[in-house]
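There are 2 protein chains.
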Amino acid sequence: MNIGIVGLGLIGGSLGLDLRALGYQVLGVSRQEQTCQRAIERGVVDDASLNLTLLAAADVVFICTPIAAIAPTVQQLIPHLSPETVLTDVGSVKAAIVNQVAPLWHNFVGGHPMAGTTDSGVDAAVLGLFAENPYVLTPIETTPTPAVKRVEEIVRSLTSRVYFCRPEDHDRAVASISHLPVMVSAGLIDSCMSEPDPTVLELAQQLASSGFRDTSRVGGGNPELGIMMARYNRESILRSLTSYRHSLDQLIELIEQEDWPMLEKKLQETQSQRPQFL
Amino acid sequence: MNIGIVGLGLIGGSLGLDLRALGYQVLGVSRQEQTCQRAIERGVVDDASLNLTLLAAADVVFICTPIAAIAPTVQQLIPHLSPETVLTDVGSVKAAIVNQVAPLWHNFVGGHPMAGTTDSGVDAAVLGLFAENPYVLTPIETTPTPAVKRVEEIVRSLTSRVYFCRPEDHDRAVASISHLPVMVSAGLIDSCMSEPDPTVLELAQQLASSGFRDTSRVGGGNPELGIMMARYNRESILRSLTSYRHSLDQLIELIEQEDWPMLEKKLQETQSQRPQFL
Numbered sequence: 412m413n414i415g416i417v418g419l420g421l422i423g424g425s426l427g428l429d430l431r432a433l434g435y436q437v438l439g440v441s442r443q444e445q446t447c448q449r450a451i452e453r454g455v456v457d458d459a460s461l462n463l464t465l466l467a468a469a470d471v472v473f474i475c476t477p478i479a480a481i482a483p484t485v486q487q488l489i490p491h492l493s494p495e496t497v498l499t500d501v502g503s504v505k506a507a508i509v510n511q512v513a514p515l516w517h518n519f520v521g522g523h524p525m526a527g528t529t530d531s532g533v534d535a536a537v538l539g540l541f542a543e544n545p546y547v548l549t550p551i552e553t554t555p556t557p558a559v560k561r562v563e564e565i566v567r568s569l570t571s572r573v574y575f576c577r578p579e580d581h582d583r584a585v586a587s588i589s590h591l592p593v594m595v596s597a598g599l600i601d602s603c604m605s606e607p608d609p610t611v612l613e614l615a616q617q618l619a620s621s622g623f624r625d626t627s628r629v630g631g632g633n634p635e636l637g638i639m640m641a642r643y644n645r646e647s648i649l650r651s652l653t654s655y656r657h658s659l660d661q662l663i664e665l666i667e668q669e670d671w672p673m674l675e676k677k678l679q680e681t682q683s684q685r686p687q688f689l
Numbered sequence: 412m413n414i415g416i417v418g419l420g421l422i423g424g425s426l427g428l429d430l431r432a433l434g435y436q437v438l439g440v441s442r443q444e445q446t447c448q449r450a451i452e453r454g455v456v457d458d459a460s461l462n463l464t465l466l467a468a469a470d471v472v473f474i475c476t477p478i479a480a481i482a483p484t485v486q487q488l489i490p491h492l493s494p495e496t497v498l499t500d501v502g503s504v505k506a507a508i509v510n511q512v513a514p515l516w517h518n519f520v521g522g523h524p525m526a527g528t529t530d531s532g533v534d535a536a537v538l539g540l541f542a543e544n545p546y547v548l549t550p551i552e553t554t555p556t557p558a559v560k561r562v563e564e565i566v567r568s569l570t571s572r573v574y575f576c577r578p579e580d581h582d583r584a585v586a587s588i589s590h591l592p593v594m595v596s597a598g599l600i601d602s603c604m605s606e607p608d609p610t611v612l613e614l615a616q617q618l619a620s621s622g623f624r625d626t627s628r629v630g631g632g633n634p635e636l637g638i639m640m641a642r643y644n645r646e647s648i649l650r651s652l653t654s655y656r657h658s659l660d661q662l663i664e665l666i667e668q669e670d671w672p673m674l675e676k677k678l679q680e681t682q683s684q685r686p687q688f689l
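If you read the sequences in order, they're chains B and L. Each residue of the first sequence is one higher than the one before, starting from 412 at the first, in the working numbering. Each residue of the second sequence is one higher than the one before, starting from 412 at the first, in the working numbering.
A few chain B residues that face chain L, going by a derived Cβ cut-off under 7 Å, partial list only:
| no. | residue |
| --- | --- |
| 1 | D580 |
| 2 | S596 |
| 3 | G598 |
| 4 | V611 |
| 5 | L614 |
| 6 | Y655 |
| 7 | Q682 |
Beyond 10 Å from chain B on every Cβ pair, some chain L residues (computed):
| no. | residue |
| --- | --- |
| 8 | Q436 |
| 9 | E444 |
| 10 | R453 |
| 11 | S460 |
| 12 | P483 |
| 13 | Q511 |
| 14 | P514 |
| 15 | G532 |
| 16 | I551 |
| 17 | T556 |
| 18 | V559 |
| 19 | K560 |
| 20 | R561 |
| 21 | E564 |
| 22 | T570 |
Rather than coming from a laboratory, the hints here were simulated on the basis of the structure. Glycine included, every Cβ here is placed at the ideal spot set by N, Cα and C.
Starting from the given sequences, assemble the full structure and let the hints guide the process.
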């Protein structure tokens, strides 16, 4: 089977490495000549081009561009495809993408591999990035079953843990456990920095240790990712933030009212609930 | 020099191990006979007793009990001490303790070693727990300089990073970088669990990964510690929570208003500010 990949960054490049190792023929397209050359050198693809026509020979195409470029890429790609070609994407939000792309191409299956590293670009690509990690597929009612089966088969060969759900359910779930933590964590850094007394601020910076380090990690990450999730998953993240503010207000109220038994109960609950997510 | 330790748990026990290794004579007091025996067996102390009279021979006494027991312990200890004996504590809040203990004993220096593990009890005690970690001392205007020097000398011998500040400044600083993260993180778990749709909740639990794991870590920790910090550092933690809520509301507003340039600026700031705390 021929597999096409548009966008040869960390995700697209790592897909290429894995799929070639599994025996697929991999064809890559990038906007940069240098990336094409590097992808061939590193064995990420069998062939690469700046031109989408290369993908006329592909049976399945993974769109691995930034979210904003997914639908425009599909539009440019369509003239080169045979009607049987299956398209899938790797965007970290799903409803916005599926709503745009499904009307353009019948054989489209939304996807989201939940794996990554802090690095980016074709040189960051690694073998086995998706192994044991979740890979969500979000077919809708009109998605042809053979298209879903074909993408599922490829994703299972990566030894990912495959989940199926509605695009909207994906977006709500990742809003709470992936996008909300970014905002919660960024708020912590912003709040600590807003200390008006310079002596206290300096002391806080000197005394911060593992509790601050872990809770602030994702809030100190790549701003572009934060913007992208807020922009393309706006409704769900606002829903999660509203729920979070309610939880926070309850904690504040318990401390204000010095209701230590209820605060203890709440903290016992969070202690016992956390392992259900890990 | 003879050093007394009241409370032979993780902190008191680890102090004993380090101080004996440095050549001090260490005398320990615990409420439990079994802990006394174990402390002697493990070499945490040279001698141990259930009775505070053992500490009549101590030049410096570290009070390593839970916060609520610190002032009562000092009151019970006073009849056995010579006036020159220096007392210090290891409580994680300072103003509440210093305000209670300083009027009882002139030679008292508040202290807070910022080190620990997830374990507790005398069997959790380890050599070198305090090395390279912050150790805050909070003398006040009336604290005699020789008492401060004596505690400082011992703490420096542990190769801790020693900081001096007012008890109130300590409490504000740790409220923001140590106590606030616990509430912020507990709120995240509580909010994720309050998802009303069982399909979405189950999916969230399956998809949660490193972002959720790190941001929720301290909110899923020991509830007793959370209660203690809220109870004894109530004013400062409420101050930090109010500031945090303001930061969170600003982020929510930017997302509501779709003000992506300002949200990006904010996330760029938090990205560049975080390393100032690490």
